[in-house]
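Enquirer: With these hints in hand, go ahead and build the complete structure from the sequences.
All residue numbers for the sequence shown refer to the numbering used here, where the first residue is 2 and numbers rise by one.
Just so you know, these hints were derived from the structure itself, not from any lab.
As the structure is a computational prediction, the values presented were derived from the model and not from experiment.
Among the hints, erroneous ones may be present.
[What the hints assert, rightly or not] So the derived label-pair ranges between C-beta atoms look like this:
{"#": "1", "residue 1": "E23", "residue 2": "G201", "range": "31 to 39 Å"}
{"#": "2", "residue 1": "V71", "residue 2": "E161", "range": "23 to 31 Å"}
{"#": "3", "residue 1": "V71", "residue 2": "K21", "range": "18 to 26 Å"}
{"#": "4", "residue 1": "N218", "residue 2": "A57", "range": "20 to 28 Å"}
{"#": "5", "residue 1": "Q185", "residue 2": "D47", "range": "33 to 41 Å"}
{"#": "6", "residue 1": "V71", "residue 2": "E226", "range": "33 to 41 Å"}
[To be verified] 25 Å max Cα-Cα, derived DMTMM-like pairs, lysine to aspartate or glutamate:
{"#": "7", "residue 1": "K158", "residue 2": "D16"}
{"#": "8", "residue 1": "K158", "residue 2": "E121"}
{"#": "9", "residue 1": "K207", "residue 2": "D141"}
{"#": "10", "residue 1": "K207", "residue 2": "E197"}
{"#": "11", "residue 1": "K28", "residue 2": "D72"}
Ideal Cβ placement from N, Cα and C applies to all residues, glycine included.
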Amino acid sequence: MANEKNQRVAVEAADFDAFKSEDFWRKSVFNFENDPEVDDPFPELDDVTLEFRVSADSASALLLDLDLDVDMYTLFIDGPGTGNPIQLGWWDLARWMPYALRWQELDALSRCIARRITDERLKGLPLLLLSRFVPTAQVDGPETVRQAMTAAWQGLKLFESDEIADLVGAMMGGGLEGNAWSWQRDPNLGWVLAGEEADGYSLRYKGNETFPFSMVNELFDEAEERAATLG
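Expert: Printed below as a string of C-alpha cells:
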C-alpha cells in the first residue's frame, strides 16, 4: 500500500534538487551504494509520493513511492472508488515485479505531463522515473525508445555523451533481453504481458484477478488520445 502519510507532489511541480543531481540519477540507474558518511543523501524526497496525471484534472493518477535507502521504487494507481491506491509493480534489489507499463503508454503519459513542466531540464522527468516499469528489452522499435531516453538525459544537462550512452544502455536492458515476452491485447482485459514466466515479473498478466485492468486502460486511453493531439 502507498504510504498515506506521504505528501503527494505532482511530478510537474517536483522541483527537487535531487532531480538535478548526478548522484541521484547514478544511484537510480546503477544502484550505487550511499556514501556511508551521509545519513540521508536526498532528504527532500523523504515522505514524498510523486503523482502522475494525464492532465491536472484527470480523475486517476499513477503514484510513485521512492525508498532510496533500500533502492525500492513502487508504482500504484489511484482514482475514484479505489479506497486505497492499488499496487501495479515494484523494483528493488531482491525480488522485483516491475513490468506494468507498455512503452507507448509511458511515452504518451510523459508527453502529456511534459507540457506542464516549466523547467526545460526536467521535461524528461516522467519518462526517466517510470521507465523502470517498462520491459524495454522487448519493445518494438527500440531505436525510437533509445532516442527518447537519450533526449531526456540530455535535457538534464548533467552528463556527457559517453555517460548518457551508458545510462541509456542500462535502461534499455529492462525486461531481461532474451526473454520471449510480448504485450498482447486481450479482448476483455486489454493489454497483458504474455510469455514464459511473464507472471514472475509482472502483475499485469491474464489470470491476475486483482490487477485493476479497467482503471489502467482508462488512464492510458486518455493519455494516448491527448498525446495524439499534441504538436
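Enquirer: Against this structure, judge whether each hint is valid.
Expert: Here's how the hints hold up against the structure:
no.	hint	verdict
1	E23 with G201: 31 to 39 Å	holds, 34 Å
2	V71 with E161: 23 to 31 Å	holds, 30 Å
3	V71 with K21: 18 to 26 Å	holds, 23 Å
4	N218 with A57: 20 to 28 Å	holds, 21 Å
5	Q185 with D47: 33 to 41 Å	holds, 39 Å
6	V71 with E226: 33 to 41 Å	holds, 37 Å
7	K158 with D16	holds, 15 Å
8	K158 with E121	holds, 10 Å
9	K207 with D141	holds, 21 Å
10	K207 with E197	holds, 13 Å
11	K28 with D72	holds, 8 Å
Going through the hint list in order, the structure satisfies each hint without exception.
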